[in-house]
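Colleague: Sequence:
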Amino acid sequence: MAPPKPSNMKQKTLLGFLNPSPANATPAKESAATLRGSTHAISSSPTVAGDTVPGSSLASARRQREKSGMSETTALASTPACSDTEGGDAIMGNDDGDDGEAVVRTTRRIKRKLVLVDSDEEDVDDVGEEPVSQKSSSAFANKLAGFKQPAKSATSKKPAKKARTSSPAGGDSDPFIVSDDAEDDEDMYWDNVDEIDLDALEASAKSASKAKPKAKPVRPPPRPTDKGSGSGAKSASATNFLTAAEQRMQNQKVEKKSNEEFYSFLQDPKDKDGNKAGDPNYDPRTLYIPPKAWKTFTPFELQFWKIKSEYMDTVLFFQKGKFYELYEKDAEIGHTEFDLKMTDRVKMKMVGVPEMSFDFWAAKFLAKGYKVGRVDQVETSLGAEMRVAAGKSTKKGTSGKEIVRRELNKVLTNGTLVDAEMLTDEQAGHCVSIREEENKENSFGICVLDASTGEFNLCAFLDDACRTKLETVLRQLRPKEILYTKGNLTVPTTRLLKTLLPESCLWTALRESEGMDYHTTLKKLHELFPGDEDEENGGIPEAITSMLGQEGAVKALGSMMWYLRQLNMDQDLLSMKNFNIYDPMRKGMGLVLDGQTLSHIEVLLNSEGTEEGSLLQLLRRCLTPFGKRLFRIWLCMPLRDVQAINDRLDAVDDIMKHPTFEDDFTKVAKGLPDLERIVSRIHAGSCKVKDFLKVLSSFKTISDAFKEFATTAESFDSQSIAGLLRGAPDLTPNLNHVEEQFEQLKDDPDVLMPKEGKDEAYDEVQETINGLEGKLNDELQKFKKKLGCKNLEYWNSGLGNKEIYLIQVPAGETKKVPKNWVKNSAIKACTRYIVPDLANTIRSLKEARETRNTVIRDFKLRLFQDFDTDRDIWLRAVKVLAELDCLFSLAKSSAALGQPVCRPEFVESDAAFVEFEGLRHPALCLKEGGFIPNDVVMGGRAGKIMLLTGPNMAGKSTLMRMTAAGVIMAQLGMYIPAKSARLSPVDSILTRMGAYDNMFSNSSTFKVELDECCKILREATPKSLVILDELGRGTSTFDGMAIAGAVLHQLATHTLALACFATHYGSLTDDFKYHPSIRCCYMKTVVDDEKHEAITPVQLIFLYQLATGAASSSFGTHVANLAGVPCSVVERAEVISKDFAKQFKAKLRDQEEAGSLPLTTQADFAYLHKLATGLVGLDEDPARKREVLKIIRMAVGGDGGK
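If you're matching positions, the sequence shown starts at 0 in numbering that gives the first Met the number 0 and goes up one per residue.
No lab work stands behind these hints: they were computed from the structure.
Here the structure is a predicted model, which is why all the values come from computation and not from measurement.
Don't take every hint at face value.
Quick list of in silico lysine-lysine cross-link-like pairs, DSSO-like style, CA-CA up to 30 Å [what the hints assert, rightly or not]:
{"#": "1", "residue 1": "K781", "residue 2": "K814"}
{"#": "2", "residue 1": "K305", "residue 2": "K328"}
{"#": "3", "residue 1": "K363", "residue 2": "K522"}
{"#": "4", "residue 1": "K294", "residue 2": "K363"}
{"#": "5", "residue 1": "K439", "residue 2": "K340"}
{"#": "6", "residue 1": "K978", "residue 2": "K1014"}
{"#": "7", "residue 1": "K827", "residue 2": "K363"}
{"#": "8", "residue 1": "K978", "residue 2": "K891"}
{"#": "9", "residue 1": "K294", "residue 2": "K576"}
{"#": "10", "residue 1": "K687", "residue 2": "K784"}
{"#": "11", "residue 1": "K348", "residue 2": "K363"}
{"#": "12", "residue 1": "K757", "residue 2": "K784"}
{"#": "13", "residue 1": "K586", "residue 2": "K1146"}
{"#": "14", "residue 1": "K485", "residue 2": "K522"}
{"#": "15", "residue 1": "K926", "residue 2": "K656"}
{"#": "16", "residue 1": "K1072", "residue 2": "K1146"}
{"#": "17", "residue 1": "K815", "residue 2": "K827"}
{"#": "18", "residue 1": "K271", "residue 2": "K294"}
{"#": "19", "residue 1": "K754", "residue 2": "K693"}
{"#": "20", "residue 1": "K693", "residue 2": "K706"}
{"#": "21", "residue 1": "K774", "residue 2": "K757"}
Label pairs and their in silico Cβ distance ranges [claimed, not checked]:
{"#": "22", "residue 1": "K1184", "residue 2": "G1108", "range": "27 to 35 Å"}
{"#": "23", "residue 1": "G670", "residue 2": "D582", "range": "32 to 40 Å"}
{"#": "24", "residue 1": "L265", "residue 2": "A828", "range": "50 to 58 Å"}
Backbone N, C-alpha and C define an ideal beta-carbon position, used for all residues, glycine too.
Please work from the sequences and hints to get the whole structure.
Modeller: Right under this line is the structure:
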């Protein structure tokens, strides 16, 4: 009895019933589903024994065979193919991109036909070429011939096409294999479906008559060698009789050698200029690939390596359908760092993640310090077919060897993130470009980018040796990425950067040939911002034109522009024209807090580098993300103008008096999205539809709230809030203009559909679609009449355009179905058929829908552009809301300080003064146990300088930080934790606290002290507040005492600044007790008098209260005892300390009895002599001149002087 004919032969006979393709439709291509049922050679990748393609049935069969020990043929025949969601299939998706959602595959076993193949022809995904039909009998005959005559087969010549075989080790091929691309799309841009596709049937009708296509460039096959064999015949024969384990081992060796040979350029990599790693000119971002390798790449490999060879320092996520895949080195990183399952894609190592989880995984790679590139699939399968068909009709000689087009969307780094899903916090993530000018010492140009909002800030400054301004910039911004040119930064600058920048900061170095110089940058700016011919600088933003004379700043901007172009972000960010001037010190405009002050007072971060206990954490209670960013700026740059401070205090008063107003604001502001960032994404065209709709809804809410708030604020005591709200724009007309252009579909909320008459292209294509759908409905009615079946209906798969308009026939009516209808699938209730007569219309409908999708995408971008024309209006509304949010934050913080709190009183004065009654530290006053308040007075009725002494741990440093924090809070415009506060505005707070060295700057502890002290003496003014803590302790006692005394004298006599000067040098209190600008104070302690005279260390009780006078001792041995120093050591130290004290007091008595002047008084006389002889001059400021002369006269004229 003859065996039954295979079902695929029956399908083949149906091809004759298909109609020719219509003139207005692109010829359909064969789908993977059709190929599965035919005898065409559909293997898309070379496979050697043991070289499995992830997800292929061959891989499954071989794995099963290896476990069970069955022969290869038996294992393949008995093992059904399956989709392994934990293996390669879990990260392999249809390479079509038709649908907006990822398709979740269910794990199921699918019976699949075995077909005879004759070749492993590659590139079946090339558009325009169809698989060539092979004769199964010929393949089987060749197989038999290989067994019967092994010696002859070794010497016979094979066709060129068969150069690559699936079993290079033995030179044999396996005739019974399941097609490798059954589960792997091999980058085909047509739709892979599990069922028979009507387009494939239509195209198959012509395949038999077409000529065999030309051989494509394929990878050279591995050449197995057998040194122990005397001839090819013996080698082939020996290979056929290897055990399964030996065969696997040999296959693994051959595969490893083949991979190494093919990607040999990765073994000893060179950059595109041919430089090897270790060469000074080596560029790790590029890769040299030899021309020979380019010729052997498949189309997908060619597409991949063209991009990857330019971004070797970047982890590339390559989109393949509904997945993003990483290859080769990137795959190894994903496997090593995150344990992603690694498999092989033909010759390439690969890991993959679902499309919907890209943001999650990209954020993980970024957190590890990697750059992440996203390569997107920019067209669907049908769109690619239409593109290739259009190219063939307009350009002769088009080969059609095209795969789905992919483009590098962007490269993500920690300092240039723009997507909300990847931004880890609401604070700005800055990328800072630094340029140090070579001709000017300590001259810097800086460009600061906040990519999330598209804001550029430029600044240029001449710094001191300590890099004070640069340090202030770094502490204020805390950048996440530094961009610099190799060899440009000096050693001190580099050391400072390493000291201040967090470990997570990304350092990006440009070569000298990269970036742009001054003139190239100007030329590029003129190209980007063209203007009228009569305009000197064209349309260049004003902030840039104001910096044109600063070469460092312009070069820093040029480097940033060049870098953004490499990241494919330059057009999106630069086109916003959001350029500003950044002044980190703001001298003359507000209270200056330099980098050291921000660190010592713990304004932004504590000593451990976190926000715990900092002023920022205590005071920032904003509800909106953009409000929180603005509050940080307020805190770094408090106010100085008395009127501005009082206006802000009036607003805080109004809010605290009207709690219902705060409740109304909370309802509006809580839950608002980050409008500032999303507006910038809308400008770039990368905003998601749901975010765009959320922005419109939020602005509508804000616009209505502004009107209600303005009405409420009119009844307030002050007009501060009312004046702010009067500057808010009315957004209603702008919102109406945008919303009247589109409508939202209920069943697809992620699509913005243009309203009728708003988009001509959409109206035209929609009319075409309606006509085709109507035609199909008419055809269905005809079929109902013709077959006499009223229950016929169309069925659509719901997966985009994959399977649409199949006719569904009830189970009892299938006998009436015409013979040319092709069965697609069946369920219990009905059977679905592909109708060849409808193929042309369905194809036209698919293309029309694809065109409609393109039109909708274009409409969305135009809608975004229309919204962006009013960007200034949207951002002005955001700014008003942010300022209002900051005012509410100040009010809430003021109320949370506990009692007592007070509104500070500011007085305009030529000389600064501070008067705090019952002041508490804002970060400690709310802790359990309470905080002991203190009165702090400097200037005015008391001396300008408080010379502070007392034991260790008595609270001196806390008192000084508390004073500085009170001034900052007062000038920020809020209440402070004190009974009363009266002060004049301070122009800067300068600090020198703590003892630490700086190994990166090659500076000792004492050198760091003097550097900071020198900066203070240079920058301080009569309106400054200076904090000096234990100056001179880093050197010998006498040198330290001399330096401390000299600095104190300079501040008190000539600088005239307010100062807290803490010291353990008790003699300073005696030397300066006569000085009218110095008031001696100490921290109270209770001493056990009985033990004080004994040998044992004294016992102290700290009262933490400030008192007038000088401390009797610093009681250092008491601290040593608390620290656990052995008692014998402490006792000996106590004896020596008392002996030193007696000797020193005796010397002082001798000096007094001898009638000699104190050294400080001698210095004052020397200064007067220099004035009289004209060697020095007084300050030009009349008020300061009078003050200096008054102090010297009092010092030498009798009030304390000798």
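Colleague: Would you mind marking each hint as holding or not holding in the structure?
Modeller: Here is what the structure says about each hint:
no. : hint                        : verdict
1   : K781 <-> K814               : holds, 18 Å
2   : K305 <-> K328               : holds, 15 Å
3   : K363 <-> K522               : violated, 39 Å
4   : K294 <-> K363               : violated, 36 Å
5   : K439 <-> K340               : violated, 54 Å
6   : K978 <-> K1014              : violated, 34 Å
7   : K827 <-> K363               : violated, 47 Å
8   : K978 <-> K891               : holds, 19 Å
9   : K294 <-> K576               : violated, 44 Å
10  : K687 <-> K784               : violated, 47 Å
11  : K348 <-> K363               : holds, 20 Å
12  : K757 <-> K784               : violated, 41 Å
13  : K586 <-> K1146              : violated, 47 Å
14  : K485 <-> K522               : holds, 24 Å
15  : K926 <-> K656               : holds, 26 Å
16  : K1072 <-> K1146             : holds, 18 Å
17  : K815 <-> K827               : holds, 17 Å
18  : K271 <-> K294               : holds, 17 Å
19  : K754 <-> K693               : holds, 20 Å
20  : K693 <-> K706               : holds, 20 Å
21  : K774 <-> K757               : holds, 26 Å
22  : K1184 <-> G1108: 27 to 35 Å : holds, 33 Å
23  : G670 <-> D582: 32 to 40 Å   : holds, 35 Å
24  : L265 <-> A828: 50 to 58 Å   : holds, 56 Å
In this structure, the hints that do not hold are numbers 3, 4, 5, 6, 7, 9, 10, 12 and 13, in rising order.
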